[in-house]
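Make a model of the complete structure from these sequences and hints.
For the record, the sequence lines run as chains A and B. In this text, residue positions in the first sequence follow this note's numbering: the first is 1, and each later residue adds one. In this text, residue positions in the second sequence follow this note's numbering: the first is 1, and each later residue adds one.
Please note that the accuracy of each hint is not assured.
Reference excerpt, derived from the structure (chain B facing chain A, CB under 10 Å, subset only) [unchecked claim]:
#1 72
#2 88
#3 97
#4 129
#5 156
Sample of chain B residues facing chain A (criterion: CB under 10 Å; computed from the structure) [said to hold, decoys possible]:
#6 56
#7 64
#8 91
#9 101
#10 120
#11 132
Quick caveat, the hints were computed from the structure, so don't treat them as lab data. Note that the structure is predicted; figures quoted are calculated from it, not measured. Beta carbons: idealized from backbone N, C-alpha and C, even for Gly.
Listed here are the chains, written in short residue letters.
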Amino acid sequence: MVPATAYLALSAVLFTLGAAGVLVRRNALIVFMSVELMLNAVNLAFVTFARQHLSIDGQVIVFFVLVVAAVEVVVGLALIGEIFRSRETVDIDDVDLLRG
Amino acid sequence: MEWAVFLPAAALAVAGGVGVVAARQPVHSAIALLIVLAALAVTYLVLAAQFVAVLQVIIYAGAIVVLFLFVIMLLNVRSGEDLPVKLPRQAAVAAVAAGVYLTALLVAVLGAARPFPPAPDGFGTAQAVGAALLADYLLPFELAAVIMLVGIVAAVLLGRRPPAGRGDR
Numbered sequence: 001m002v003p004a005t006a007y008l009a010l011s012a013v014l015f016t017l018g019a020a021g022v023l024v025r026r027n028a029l030i031v032f033m034s035v036e037l038m039l040n041a042v043n044l045a046f047v048t049f050a051r052q053h054l055s056i057d058g059q060v061i062v063f064f065v066l067v068v069a070a071v072e073v074v075v076g077l078a079l080i081g082e083i084f085r086s087r088e089t090v091d092i093d094d095v096d097l098l099r100g
Numbered sequence: 001m002e003w004a005v006f007l008p009a010a011a012l013a014v015a016g017g018v019g020v021v022a023a024r025q026p027v028h029s030a031i032a033l034l035i036v037l038a039a040l041a042v043t044y045l046v047l048a049a050q051f052v053a054v055l056q057v058i059i060y061a062g063a064i065v066v067l068f069l070f071v072i073m074l075l076n077v078r079s080g081e082d083l084p085v086k087l088p089r090q091a092a093v094a095a096v097a098a099g100v101y102l103t104a105l106l107v108a109v110l111g112a113a114r115p116f117p118p119a120p121d122g123f124g125t126a127q128a129v130g131a132a133l134l135a136d137y138l139l140p141f142e143l144a145a146v147i148m149l150v151g152i153v154a155a156v157l158l159g160r161r162p163p164a165g166r167g168d169r
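Below, the structure is given as structure tokens:
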């Protein structure tokens, strides 16, 4: 039987990869996919703890994370499309009008 | 037996995660993300979460990644990542910071791990999750519908063409 530590370690590795991607990559689309990676790592941790405590609540929360992720992707991609239409770029370094 | 399923899935997930972050083309990132999502669906099955595994495949792999692929195709993106990096030695610093962060995360999360009790019959089925959703989580469930409606309205509003003749907005 695979112990909980294995799942949690996998979750931590995926979350770290996603966080590194958000901070290092400059293509807004890839930054966005890295956010999805982090959300998935958190989902894995939720499912693991649901199994560990035999509580269905963890799996219900994964459902809500899925809903919010789907809406976030729709709105975020629409925003990226709008930025691309007006500025012809998806490089986040080029979108720095608010930089102090 | 479970290891024989978990280990390939975990290896695929980590490889896909590296692919998402490291790929030069957004399309390759999207395909790598698809691999991660499929591998995680397999681990959900091992974790007695069959309904979540199905949701993962339908919503994430079926809808979200397809949306990403559509936007990538529509935008015909010039990646722009061949420009010089503004921060010196960014990759090395990122690797070190990621290592420190991963260590902290592992220390925090592995302390909470306990042995799995045997799962009862029917744990994680659509019936069990649905009963919890419509009984204990009814209000959040309805609010999720409102959030989705907001998302639809926002996507339509953001995605429409600017009215003709008005020039710039």
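Here's how the hints hold up against the structure:
1. 72: 6 Å, holds
2. 88: With a minimum Cβ separation of about 14 Å from chain A (threshold 10 Å), the hint on residue 88 of chain B is violated.
3. 97: 8 Å, holds
4. 129: 5 Å, holds
5. 156: For residue 156 of chain B, the interface hint holds, since the closest Cβ of chain A sits about 9 Å away, which is under 10 Å.
6. 56: 8 Å, holds
7. 64: Hint holds; residue 64 of chain B Cβ to chain A Cβ min 5 Å, cut 10 Å.
8. 91: It holds, given that the least Cβ distance between residue 91 of chain B and chain A is near 7 Å, below 10 Å.
9. 101: 6 Å, holds
10. 120: Hint on residue 120 of chain B: holds, closest Cβ of chain A at ~7 Å, below 10 Å.
11. 132: It holds, given that the least Cβ distance between residue 132 of chain B and chain A is near 5 Å, below 10 Å.
Violated hint: 2 only; the structure is consistent with all others.
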